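Novice: All chains, full assembly: derive it from the sequences and hints.
Protein chains: 2
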Amino acid sequence: MQISGEMIIGRTTVRGQQGTVKAIDPSRNEQIEPAFGLGGEEELQQACLLAEQAFDKYRETSLEQRARFLETIADRIMDLGPALIERAMAESGLPQARLEGERGRTCNQLRHFAKVVRDGRFLTATLDSRLPERVPPRPDLRLRKIAVGPVAVFGASNFPLAFSVAGGDTASALAAGCPVVVKAHSAHLGTSELVGKAVQKAAIECDMPEGVFSMLIGSGVTMGQNLVAHRAIKAVGFTGSRHGGLALVRTANARHEPIPVYAEMASINPVFLLPGALENAPKIAQAFADSLTLGAGQFCTNPGMLVGIDSPALQQFVDAAVEILGGKPQQTMLTPGIHSAYTSGVDKLSSIPGVKLLAKGLGGDLPCGAIASLYEVDADAFLANPEMESEIFGPCSLLVRCRDQEQVLRVAEHLEGQLTATVHATGADIGFAGKLLPTLERKAGRILFNGFPTGVEVAQAMVHGGPFPSTSDPRSTSVGGSAIDRFLRPVCYQEVPAELLPAALLDNNPLAIPRVEDGDLVWNG
Amino acid sequence: MQISGEMIIGRTTVRGQQGTVKAIDPSRNEQIEPAFGLGGEEELQQACLLAEQAFDKYRETSLEQRARFLETIADRIMDLGPALIERAMAESGLPQARLEGERGRTCNQLRHFAKVVRDGRFLTATLDSRLPERVPPRPDLRLRKIAVGPVAVFGASNFPLAFSVAGGDTASALAAGCPVVVKAHSAHLGTSELVGKAVQKAAIECDMPEGVFSMLIGSGVTMGQNLVAHRAIKAVGFTGSRHGGLALVRTANARHEPIPVYAEMASINPVFLLPGALENAPKIAQAFADSLTLGAGQFCTNPGMLVGIDSPALQQFVDAAVEILGGKPQQTMLTPGIHSAYTSGVDKLSSIPGVKLLAKGLGGDLPCGAIASLYEVDADAFLANPEMESEIFGPCSLLVRCRDQEQVLRVAEHLEGQLTATVHATGADIGFAGKLLPTLERKAGRILFNGFPTGVEVAQAMVHGGPFPSTSDPRSTSVGGSAIDRFLRPVCYQEVPAELLPAALLDNNPLAIPRVEDGDLVWNG
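In order, the protein sequence lines correspond to chains A and B.
At position 281 of the first sequence the residue is numbered 281 (the numbering used here), and the sequence of numbers has no breaks.
At position 367 of the second sequence the residue is numbered 367 (the numbering used here), and the sequence of numbers has no breaks.
It is worth saying that the hints were derived from the structure and are not from the lab.
Among the hints, a few may not be true.
List of simulated lysine-lysine pairs, DSSO-like, C-alpha gap at most 30 Å [what the hints assert, rightly or not]: (1) LYS57(B) <-> LYS435(A); (2) LYS201(B) <-> LYS283(B); (3) LYS435(A) <-> LYS283(A); (4) LYS115(B) <-> LYS201(B); (5) LYS435(B) <-> LYS57(A); (6) LYS201(B) <-> LYS57(B).
Small disclaimer: the values here were computed from a predicted structure and weren't measured.
Specialist: Printed below as a string of structure tokens:
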């Protein structure tokens with residue numbers, strides 16, 4: 001399929017007239033054809049108004065219709081074949097196998113949300129029956145959740161498929177019944193166009209109302225802020241930098257009607273190496289180095305911090321990690337901007353008093369090549385300087401050496417909110433791990449034992465979220481089935497005639513979904 | 001029980017030293033003894049630090065312990081006997097029967113949340129089992145919701161029991177596992193102290209950690225803002241004016257770590273009188289007048305707006321309403337401030353061009369007496385002037401006369417977010433009501449047919465919430481069992497050893513709660 005450089009506005013494609021921009025191949029640091037037209041206020045208005053007009057109709061599509069739409073998007077993405085993978089490779093510098101895996105993840109995610117939609121639990125159908133004899137009488141009350149309205153989605157640079165045009169935010173918003181307006185990420189415009197057209201095709205094929213999906217291209221700051229400020233938009237999904245996320249939060253809060261922003265921002269994902277676990281120091285060091293350098297370290301859940309108690313076993317871990325990291329090759333980063341931010345982040349860290357270099361990966365001459373690095377600092381210095389808590393996006397980690405268990409607990413308590421916190425522990429460590437756990441529960445959205453945080457499973461029990469500043473809203477997840485809850489709000493129907501009730505709330509439960517009736521869960525699954 | 005004028009800080013009582021304040025009896029516009037000591041920064045710090053220290057222990061109390069605590073609070077409130085009702089009457093001007101009813105509602109609410117806690121559904125326990133054969137293998141993943149942290153609660157003037165110290169926000173936060181710091185409402189300080197001490201007693205009796213509950217007295221703006229700004233506070237419950245609610249939202253957003261504010265603010269609760277329903281014009285007029293003047297109109301759900309299509313039947317409704325309202329006696333309002341705001345709100349409305357007076361209730365010489373009033377305006381004028389959408393807290397309503405169905409739909413679409421929207425309709429109106437419904441779903445948290453919105457049932461299916469500006473967050477309710485969800489956030493446990501897993505997530509489901517396992521709801525209820 002030809003890449004035309006156009007935006008997607010409902011059922012049409014439109015070329016923006018506010019200048020042009022090209023994608024960049026970071027492996028060569030060169031522009032790639034074709035030029036994309038930058039859109040402006042006019043296309044933004046069209047996309048938002050179409051989304052607004054589509055909303056009432058789209059949110060009342062049947063569960064089956066909506067599930068089929070999600071599955072059809074997955075099918076149309078697969079239909080793009082190798083052209084999609086080739087374009088994504090050129091735009092992101094990511095290898096073929098990774099992008100094929102990510103495509104699979106993207107399609108599985110859409111299919112997972114199709115199942116979530118069919119299950120109907122997200123509707124939270126709840127019925128309280130009339131109590132006419134009570135004083136005062138209780139009316140008939142029924143609750144369901146409905147979609148909040150059109151959602152603005154901002155793709156992430158590091159997942160050009162799974163967290164972009166048809167990624168997690170789009171899938172969960174569409175599943176909830178929300179039309180979606182995507183702002184295409186400038187780092188992968190061609191990939192965005194291909195996927196956007198697949199979504200458009202699926203929408204037409206499934207007879208969805210026009211406006212259920214649009215995709216805009218525009219100057220990052222202006223277009224993004226105007227999109228979030230638009231009256232028709234009722235929620236925002238974002239994955240990216242703290243700077244970018246907080247700017248959108250400010251815009252959303254300054255609206256006449258403030259709206260929720262789900263911004264997944266930054267996290268250093270501390271890994272606690274408890275003494276017993278260090279019996280396996282070399283094995284853990286290998287797994288750590290692999291996790292740190294996976295995808296050039298460009299994951300929200302990259303292990304950017306290690307915490308251990310000074311001991312010969314910890315030194316054994318360090319020695320092994322230093323050796324393995326020293327052999328890790330340079331890797332192309334996603335964009336020249338990300339590469340330069342990584343380089344200056346590492347420089348800044350290395351210049352902090354008390355921070356010492358432990359290991360550097362192999363150098364090379366890739367124009368946007370990241371060199372893996374591991375630093376160390378003692379816990380006293382770490383606790384005294386909050387700068388060391390800043391995320392460095394890329395394959396860099398900092399080992400914090402503690403004197404004792406007490407200091408490990410203090411470091412944990414000192415941390416900002418995180419997407420993940422990891423504990424390496426054996427049976428001998430259980431007592432100490434139990435002391436650490438309550439703090440980690442307060443600090444992180446996901447707690448994992450004896451693994452590494454990269455690799456975020458798309459599952460019902462996944463939480464990819466966490467306290468501020470890892471996200472702007474810790475009450476939800478951006479990965480996994482419960483992400484649908486972010487785009488819903490409850491509505492109560494009191495004495496509404498059966499002819500007007502939504503199917504989910506009819507007496508005979510025609511959708512056969514689990515419901516809470518008079519306070520009790522009723523389900524015949 | 002003697003009222004001492006003290007604050008409650010954990011297990012102690014403390015007299016504030018920053019000046020004194022007395023409650024006012026609005027029926028006489030005179031101060032009531034005793035003087036309450038105003039607290040300051042020191043007590044705020046103590047309360048917040050105790051809450052922070054109590055958090056980890058309190059959130060891990062068993063479901064049964066927490067349910068018993070809520071029930072014991074209800075018992076200790078009932079133990080206060082007539083002294084509580086007498087003090088609340090003196091401070092609020094509300095009649096005995098209403099306050100006895102409200103006490104019952106408050107205790108039922110606490111008991112309702114005890115049931116919600118025991119049911120354990122709020123934990124959202126979700127398990128995805130290990131898939132070791134898959135490539136890559138899926139780890140063991142388990143999710144539960146945990147409490148967000150200490151919650152600041154601001155009582156409402158109009159529900160000195162049910163939406164104050166041990167009201168809905170406190171009950172739902174405690175149920176979720178959050179310690180609570182209440183800022184006592186200055187309009188009912190004595191009532192607050194009595195109830196606060198009942199909560200304190202229950203906490204001691206149930207061996208809850210100190211700091212699970214504190215109650216501060218202080219200068220409204222300073223103490224309130226400082227409480228919301230305190231690092232230990234992780235969420236806020238508020239019921240009151242738009243001005244007050246938005247000030248707290250701004251403070252919460254300006255924190256280093258922004259926190260959610262659940263502010264239930266203002267609503268005019270439109271009532272749509274469809275043509276068929278007006279066959280019963282006199283009966284509806286009677287019910288309307290009773291709802292409008294109930295409790296001197298001091299309900300968030302007071303019907304402040306009627307919408308009808310010009311017709312002889314509508315005129316019949318108006319004539320009946322005018323006659324009934326003309327005979328409604330003056331009623332004491334909650335505070336001199338609320339009374340003067342009501343008077344000036346009515347004056348302002350009556351001075352808007354196109355607004356005509358239809359009916360006034362009886363006058364009198366109550367110092368804080370509200371006179372019921374009904375105004376009308378034609379829909380063209382209403383649509384042209386957003387001032388008429390401002391809530392007037394008290395027994396005042398505005399009838400918007402429309403030309404036709406089309407204009408009714410335009411008026412509905414024009415409205416801001418509401419707590420409730422009401423439709424009066426018969427079978428003949430179903431087609432039109434069906435056209436109106438999607439708009440009302442977008443605009444309101446509760447839609448009711450053939451009733452009036454006052455009377456907010458404490459039930460699982462209730463939604464007392466709605467789009468901005470009726471609340472600051474439409475994703476939740478402040479009345480009913482689902483209010484517990486506001487104070488929770490999800491945490492995922494990946495490969496966490498069984499010794500460290502919370503009981504809700506153990507393999508054998510020892511809490512016997514409904515869970516989602518491998519995507520399917522598993523429950524043997």
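Novice: For every hint, state whether the structure bears it out.
Specialist: Here is what the structure says about each hint:
Annotation: proposed proximity of LYS57(B) to LYS435(A) holds, straight-line Cα distance about 12 Å (limit 30 Å). For the given pair, LYS201(B) sits about 48 Å from LYS283(B) by alpha-carbon distance, which is inconsistent with the 30 Å threshold. A hinted pair counts as satisfied when its Cα atoms are at most 30 Å apart, and LYS435(A) with LYS283(A) qualifies at roughly 25 Å. Pair hint LYS115(B) plus LYS201(B) holds up; C-alpha atoms about 21 Å apart against a cutoff of 30 Å.
About 12 Å separates the Cα atoms of LYS435(B) and LYS57(A), which keeps this hinted pair within 30 Å; it holds. Restraint check for LYS201(B) and LYS57(B): satisfied, since their Cα atoms lie roughly 18 Å apart, inside the 30 Å limit.
This entry does not satisfy hint 2, going by the numbered hints stated previously; all others are met.
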